[in-house]
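Undergrad: Keeping their order, the protein sequence lines are chains F and B. For the record, in the first sequence the residue sitting at position 281 is 557 according to my numbering, with numbers rising by one throughout. For the record, in the second sequence the residue sitting at position 187 is 200 according to my numbering, with numbers rising by one throughout.
The set of hints was computed from the structure by calculation and includes no laboratory data. Heads up, some of the hints might be wrong.
[Claimed, not checked] Pairs of lysine to any residue, SDA-like flavour, derived with a Cα cap of 25 Å: (1) F:Lys347 to F:Glu549; (2) F:Lys347 to B:Lys249; (3) B:Lys249 to F:Glu549; (4) F:Lys342 to F:Val325; (5) F:Lys293 to B:Pro284.
[Unchecked claim] Every beta carbon over 12 Å from chain B, so not counted as near; a handful from chain F, in silico: (6) Gln308; (7) Ser331; (8) Cys399; (9) Phe404; (10) Glu443; (11) Ala530; (12) Pro618; (13) Arg651; (14) Thr693.
Beta carbons: idealized from backbone N, C-alpha and C, even for Gly.
One letter stands for each residue in the lines below.
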Amino acid sequence: MADSQLEATVAASAFQKQWFADLRRRVFDDRQPYALLQADVPFELFDLVDIPAASNQWWAAIVAAKRQAPKFLDAMDADGLHGDLCRYCSLGYASTRYPDAGDSPWGGLPPPRLLCARLTCDCIHRVFSLWAATFGAELFEIDHPGAGDLPPRWWELGRHNWRELVEPHRLAFVVATLERLVERLEAISGRALDRDALRERLELVNQQEEVFDAVRRLIAAAPECPVRMTEQITNVMATQWVRGSEWALAHARAFHDEVKRRVDDGVASCPDERARLMWIGAGLWHDTAFYTAFEASHRAVFVWSMYLAFGPDGYIRYGLDDPMAALASRTASFNEYLHNPPWAAEWIVHQAREHRIDGALVLRPRSMKPGATGRLFIERALEDAGIPVLPIDADVVDARGWDAEGARAGVRSFLDTRVF
Amino acid sequence: MIRGAFGATPAADAHLEPGIFPSRLRRLVEDALTGRLTDAARIVIPRTSDADYKCFLYLRELVRRGVTTALAPVVLFDLLQSRGPDVRAYDVARTRALLDDLSSESGRTPSDDDFRGEIVRTNAARAAARRLVELRRPVPRVAGAEVFPLLAAFWEMDPDRYAEMASDAAKRIAARPPLAGPRVLLTGAPVDSHTLHETIESHGAVVVDEVGPWGSGAAGDDVRIDDDPVAALADKYRADSIGARTPVDALRRSTESKLEDVDAVVVSLPPDDAVFGWDYPALRDVLNARRVPHVCLRCEPYKRPTLAEHAALDAMVSAVSRLQEARNG
């Protein structure tokens, strides 16, 4: 049994903490710029002009995991921001706007030079405008043209035929916007973006995601799940924020090798595994123990989340003659891949079959309205495929309304009555 | 044009998650799934909000899966609202694409002169609507609940008939005496019915303006007439649109320009609101600085407010009276 964490997991956590400490030193001591980004912004462009970038969602997850979210969110409530507004994308803002309400992890976010967000959900423009104003920083927005044509099996098209995946007018718009973003980044950093370096970086991103693809296949094919979902997430996300960097690729390989060793040695995260579960939605950052809570009682293991699976299918782009277009093709449709019909349901059912999933837990986010869309299509598609579904009402960062024991009891009942 | 209404939408509810989609979109999907849209040649869904976009994707999927078959092609009118330099060209191109699609359906391609003629007709209707708007403030001669449907009809009537109807109504209303009561601006999430106006006015106030595309904002300024009428239309709809994707600074300017000559403000933030609540603290600070009483309503605008919300409206009206008494000595 895999009682201890992978060495890679320990290294990934340490890397993130050190990375953040270096960021604070760079900003406060060296007065160098950095950027705060939504998770779906192309981080590669920032790194290539030497502007490090922190992810809003990553920071929100850290704040929630450190049990500080309720304090900041209480302050937000007290300021008149009603409880149905999205908490996941705004927790970082709350930690900046109401700094005395809680203890920001690791000393808190330093002031960025730039914030950048894709205008997917309607609230993003609001949250980032408020956040940028609070910091006194610049905001760059990447609008989100809507998809009118969504061909089947996007995860296959995306690798080699990505131009077919995104309608030409959408692709052209996103390319133009990314070019403007590059102009701003070059002006801020004083460094020109090297297009050859961009191509090389995307090739390294492809290599990194190929490694994750291999890990995914190992997990899918192994008789029993070799690595817990929470560890998968830690390893994948630590590298995704610096994807294509030397460290990220080396770490991905180290992670792969450790997982492979476990598979070769017959090590399972939960020996005598009886049920393989998938988690659909963003992570339950304030209660990650939830994901291991059914191992002892039911030998039920969370095998799959989007975090490992999405990298290989969402990021790999072969044919990098025009690297900016390739990058734009990845950027243009993140939400459609993960949330919207027909793409999200089709992909998740495919993944469930690949991973021999016995039951799916689908997040019903309390306040993330766009993140909650498409859920009924996903639930129905899974049930139609013979995979029982349990919806979980929860907010991914806001623990205030979370009934941890009630939710666990619900899962145990689901396992007893629908899975076994 | 489909607007929200009170009432059950069971067919839509099977596919649309609760608390996300406003009533008008639930009604649209309900109508689509129950065969009420079989006469439509196209179902055009503008990019008013993320929920509208999702509704477009849902309808396409419901057709693809055979949940509904007797449905016209569903088209996304992807008019973006942000202010980036690439947005205008994108919007003009999407407007042309919509025109091409409609032309292919009708078999008739309008010339630029045809367009300009339509713009002239519609501008006349806009002018008539503006005459109605002028009778709401600074001295209100018509209740919000009465004039809102007249203004909203701009979207639903032939322009010539609308111009005639609105002009006649304006003449009649102009002869009326001014209405008493605190003058209220209704803001927050735009409303597409006058139910909330009735509620507010049942407390003795007069709704003299609202933020959104259906009331005083329905007609807006004229569409310019120039060499490129399609671009003029795209520009008009981008500049005028008030919705969930309207840039916050534009919405703030629009709202603050409406604060002149109002005595109180009602902020509607219904349960499906994901956007306008973010603007509330800043608006509250402006209102407090100007000493304008206000109340926030979290109810569904088509339903009766709670007793507590009625009490809050009463308190707001009383606060206006006290302020006016204090000002008048």
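Undergrad: If a hint holds in the structure, say so; if it doesn't, say that too.
TA: These are the hints, each one checked on the structure:
1. F:Lys347 to F:Glu549: Since the Cα atoms of Lys347 of chain F and Glu549 of chain F sit roughly 38 Å apart, the hinted pair is violated (cutoff 25 Å).
2. F:Lys347 to B:Lys249: violated, 44 Å
3. B:Lys249 to F:Glu549: violated, 61 Å
4. F:Lys342 to F:Val325: violated, 32 Å
5. F:Lys293 to B:Pro284: Cα-Cα ~39 Å, so violated.
6. Gln308: Non-interface label stands for Gln308 of chain F: nearest chain B Cβ at 27 Å, farther than 12 Å.
7. Ser331: holds, 21 Å
8. Cys399: violated, 5 Å
9. Phe404: Its Cβ does come within 12 Å of chain B, the nearest being 10 Å, so this is violated.
10. Glu443: Violated: least Cβ distance 10 Å, not greater than 12 Å.
11. Ala530: holds, 39 Å
12. Pro618: Since the minimum Cβ distance to chain B is about 5 Å, Pro618 of chain F lies within 12 Å and the statement is violated.
13. Arg651: violated, 6 Å
14. Thr693: holds, 23 Å
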